[in-house]
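Chemist: Construct the entire structure; sequences and hints are all you get.
In terms of my numbering, the sequence shown has 112 at position 112, counting the first letter as 1, and numbering is strictly consecutive.
These are computed hints drawn from the structure, not numbers from a lab. There's no promise every hint is true.
To be verified - Keeping only pairs whose Cα atoms sit at most 27 Å apart, straight-line, the calculated DSSO-like set for lysine-lysine is:
1. Lys17 / Lys141
2. Lys119 / Lys17
3. Lys104 / Lys140
4. Lys119 / Lys87
5. Lys87 / Lys140
6. Lys17 / Lys140
7. Lys141 / Lys104
To be verified - What follows is a list of derived Cβ distance ranges for each label pair:
8. Glu18 / Arg156: 21 to 31 Å
9. Val120 / Lys140: 29 to 39 Å
10. Val3 / Thr145: 37 to 47 Å
11. Gly59 / Asp33: 13 to 23 Å
12. Arg156 / Thr56: 49 to 59 Å
13. Pro122 / Pro82: 33 to 43 Å
14. Gly106 / Ser73: 13 to 23 Å
15. Pro122 / Glu4: 20 to 30 Å
16. Arg108 / Asp33: 11 to 21 Å
Just so we're clear, the structure is a prediction, and the values are computed from it rather than from any experiment. Backbone N, C-alpha and C define an ideal beta-carbon position, used for all residues, glycine too.
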Amino acid sequence: MSVEPISLDTLLASVGKEVGVSPWRTVTQRMIDQFADATDDHQFIHCDPERAARETPFGGTIAHGFLSLSLLSAMTFETMPPIENTKMGVNHGFDTLRFLAPVKTGSRIRTHFVLADVKVRPSGWVQTAHDVTIEIEGSKKPALTARWLTLTLIERQPETA
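Modeler: The following block contains the structure:
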């Protein structure tokens with residue numbers, strides 16, 4: 001999916017508004033197992049469906065919280081328009097992060113993005129803060145909420161007279 005770039009002025013005018021909702025994404029056992037392999041976190045609540053069904057209140061396996069968090073990057077690229085003349089973007093961190101409900105294997109999730117703040121630095125970097133909520137289809141509670149900080153380097157444009 002390609003999202004058309006927006007101007008810096010449009011971005012600045014969007015502070016305080018919901019600026020995107022990602023498509024639904026299914027969290028599969030295969031994704032969970034691959035994440036477990038990548039992070040060396042093979043706790044049975046994630047990787048052993050039979051034991052998780054017997055010994056947890058979840059009825060089966062659940063995604064790692066950090067897997068849900070990691071999916072923000074993909075959901076951002078599917079949803080959020082880049083700033084015109086972007087050279088690159090990087091994660092800058094989180095001011096807050098709370099895991100509120102488990103994501104059961106087979107659940108569908110999507111992210112709501114609210115633009116909380118924009119700081120334009122003289123260096124050409126633009127810092128954005130998004131309040132993100134990862135919703136679980138059919139759940140009253142979200143998987144997580146966070147204030148996510150990113151930095152985008154934009155190419156300076158020559159000023160016109």
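Chemist: Taking the earlier hints as the rules, which of them does this structure contradict?
Modeler: Hint check: 5, 10 and 13 fail, others pass.
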